[in-house]
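Asker: Chain residues, written in single-letter form:
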Amino acid sequence: MPDKMHIQLTVNGRNEEFLAEPRELLIHTLRERMNITGPHVGCETSHCGACTVIVNDKAIKACTMFVAQANGSEITTIEGLGNPDSLHVLQESFREHHGLQCGYCTPGMITRATKLLEETPNPTEEEVRFGMAGNLCRCTGYQNIVKSILAAAAQMNAAQEAAE
Amino acid sequence: MVPASFEYYRPTDVSSVIALITQHGDDARVMAGGHSLIPMMKLRMAEIPHLIDLQDVAGLTGITIDGFTVRIGAMTTQTELIDHPGLRQTAPILREAALQIADPQVRCMGTIGGNVANGDPGNDMPGLMQCLNAQFTLIGPDGERTVAARDYYEAAYFTARSEEEVLTSIHFSARGGGYCYEKQKRKIGDYATAACAVTLYKEEGLCAGASIAMTNLSDVPVWSKAAGLALDGTSVDANAVKSAVEAAVADIDPSEDNRGPVDFKVYVAGVIIKRAIESAWSRA
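Protein sequence lines, in the order shown, are assigned to chains A and B. Using our numbering, you'd call the opening residue of the first sequence number 1 and step up by one each time. Using our numbering, you'd call the opening residue of the second sequence number 165 and step up by one each time.
Because the hints were derived from the structure by calculation, they are not lab data. Certain hints may be false.
Far from chain A by the CB rule (all over 12 angstroms, computed), these chain B residues [to be verified]: (1) A168; (2) D177; (3) D220; (4) D267; (5) S326; (6) S407; (7) V413; (8) V435.
Here are the simulated distance ranges between beta carbons [unchecked claim]: (9) A:E17 with B:P213: 23 to 33 angstroms; (10) B:D190 with A:G82: 47 to 57 angstroms; (11) A:E32 with B:Y431: 47 to 57 angstroms; (12) A:C139 with B:E368: 24 to 34 angstroms.
None of these values were measured; they are calculated from a predicted model. Idealized CB from N, CA, C, for every residue including glycine.
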């Protein structure tokens, strides 16, 4: 049995240091070691995107990253984007436009969508669909998810203009 | 799904990588973005006692364009290929192909080196590299050598790279002209049912050289010399396209799998190759 490694992560702004086997998958580190249960285990095969988190500014699938690979990185999960008293614009928009049914895919959807709107602040519907291709939803048919993201983009752009 | 245990290494230079591979032999493997290897390890179809993560190795990243010559470090991600303004100008076919690989989360981890190195017939970049006549730089215990993409693939997951070598960069010459990477897939993000890369040149209304290669239509990528020659000197009219498609289809050897039976794949290949040629010609 190989030795455990010393791992250091910054998760939602908090420093975390612990010993782990290198093979531990980041999704399990977050959920089981840190009780950060927003990122979900969906397919476990890099397809569904329910486990999406942000590692060093990239939205990635945490089921396909070893904790050893993430060592030293900065991680943001849905918990770091907003909270019940102060929702992220995208969280508010998903609520307003009913961008979910069962909600299982929603944390991954919203986490990926934050990066999508950084990459493409004023997306077309097609760009939203293409940019969200790594997140699967089995309930909604995507219609309201796309609507929620477009509405959030409009709101963020309006806020930006008002600030300028 | 938890992979078997392994020792993890994150060296910072190529010579340390080679030293680790030499020390551990068959028990060691290098990993780039990990999006082919980690799923295989989770399924326990790959067991790797010594895993060498290349993410911190100096000199494996970056895209440089010097005149017509494009050099891409092996650890360049698909997202970096897509976003690179110079590459978009010089070799837009790379962006066109990269955008058809997997999905955004996977593209920001998956690398061009990983995509071309492991010999997975489903990967898109090997066919494109054969189309572009790209050269792969390999470094091993005996130094550096260059292998042409057209000579690199031997069988599914078997390549000209020895187990002690690491693919460090790719280079090719990009001289403009028409281009297209056309891919038929069951759903967005899937591997190709059939895909085709075409580059060609137009001079005074006639084709002055064409290169055609295909993805996932044999256990290795297929560059069809005869298909390119079938277009050369023609006005790429319906007859020339038909000849080129027939020549290309004669060079493939698809096998039946969950993407369909052989006859279906041959049919789809014909459609995709035709579309790729016509699209490339319209852009020439």
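Asker: Which numbered hints turn out to be false for this structure?
Answerer: 1, 3, 4 and 12
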